[in-house]
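Each chain is listed here by its residues.
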Amino acid sequence: MDPVLDIQRLSIRYPGALAPAVRDVSFTLGRERLGIVGESGSGKSTVGRAIMRLLDTAEITADRMQFEEVDLLNAPEKQMLDVRGKRMSMILQDPKFSLNPIQRCGHQIAEAYRTHVRCSKAEAKARAIAMLEQVHIRDPERVYDLYPHEVSGGMGQRVMIAMMLLTSPDLVIADEPTSALDVTVRLQVLRILDGLVRDKGIGLIMISHDLNLVRAFCDRVLIMYAGRVVETLDARDLDNARHPYSRGLLAAQPRIGGSREPLPVLARQDSWLEPLEADA
Amino acid sequence: MKPISIDRLSISFGPVRVLHDVSFDVAAGECFGLVGESGSGKSTILRCASMLTNIWDGTVRIGDHDVRKMPLAERCRTVQMVFQDPYGSLHPRHSIRTALDEGLRINGFDDREARLAQAMRDVGLPVEFLDRYPHQLSGGQRQRVAIARALILEPDVLFLDEPTSALDVSVQAEVLNLLVRLQKEKGFTYLMVSHDLAVVDHMCDRFAIMQHGRIVEVLDRAAITGGGATQPYAKELIGASLEYERAI
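If you're matching them up, the sequences are chains A and B in order.
Position 151 (the first sequence) corresponds to 151 in the working numbering; numbering is contiguous.
Position 231 (the second sequence) corresponds to 1231 in the working numbering; numbering is contiguous.
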């Protein structure tokens, strides 16, 4: 199958910055779940935003940046308006900030749908309610009429997921979708997202700093350090990562039932900026 | 080293009762964790016990003294707090020297220059960093400054409010190691709020699981892997964390 997204040698420099935030990042995405992990400032969110074409002041260069038949490097904004939110969408970190506080949850979902699909208000409402049910909200008619401050964080994030998946996009970028949630609801929200992504055959990019999360919910993982991809590997092989940075990140994580020895800390080295050569 | 004793602590914000008769004891030199979902009242306990709010009922004793009856200066030299977000807890227009020196000055400490340098060395920062501003430091370095500010008054008890949740795993490891080392060297009693059971397991001897402003259960560290929880919510929280981690 053709890849959903094909990125080759993507570099991004913010205006006025001395060094590029992202350097020579290449990957392709099929109908799979790809995790991008790294520390804050490693450029992982910047990559996601560049794909959505949300960085209008940054200087973006790439050999190739293709989303299905759309050339993301050269597509006019008019075309992007049609693509963004309909064929590719983004789930943000914190529903407290990403939902409009003065509009009812359901109204926001229906509005997102009606922006892209011509239909009556009643039909949009019916679809929004059906979608709320799909994200396991028990009483969707009631939640439709609630304001964002009246729902919990977990429910807010499910509203966000419903809004983003209602137009059946081919690509979803989830930028730290559960970092703002408690452990008890985190898994529940991830499972809902995971189930929908699999059922609908959506390509998912999961941006996260949490290695456990990408191990459990992704097929492949890119590890980013200082704006570069230093290692790409299958999520199930994460424990066998070879790059010293990846290994350092794994070791620094305290584990339940682990020893109480001092945690290994990263001794950063300039050589880490070189990506690992893939040898057989 | 001083123990902490919290007895029937309650607080309401308007009509909402946030804490319901919370009682627990922390032994001298122990690291005690508070875990639970957001809004369960973990941080509120710290804010009450440190007198950042004073509209609560109940008794909080540190060592032999009731925190309500301690004079302000004595209280500040007994209990200090490290906050969650080092980006928000340091004054952006105060140099590190100003931030650290303020407490020394107010409390009339002598030999301030030597104490400033010692505090920086204690948290593993170069002494030259005293003349930097927060924006010139990374997140982990800022949290070290926040810890230095807490320990420069030589307190007995440190309240840690999610001290590493705003930090990356790699930086979290450095800060946790620092906290463990300082506790060994200076014999602090820690009361630590966290939502991450792996961090609690790494740091704490015992911990309390909270829900809706009540303590559901107080457990030993061994109960996390040993299945020692008896209350349904405690089981659920530990189960979710273990499942989330998926690897031991």
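These are computed hints drawn from the structure, not numbers from a lab.
Here a beta-carbon is modelled for each residue, glycine too, at the ideal position from N, C-alpha and C.
Each hint should be verified, as a subset may be incorrect.
To be verified - Covered, in the sense of this in silico footprint (three residues per stretch, anywhere, with C-beta under 8 Å from a C-beta of chain B), are these stretches of chain A: (1) 172-184; (2) 245-252; (3) 255-265.
To see whether the hints hold, each was checked on the structure:
no.: 1; hint: 172-184; in the structure: holds (count 3)
no.: 2; hint: 245-252; in the structure: holds (count 3)
no.: 3; hint: 255-265; in the structure: holds (count 9)
When the structure is compared with the earlier hints, no violation turns up for any of them.
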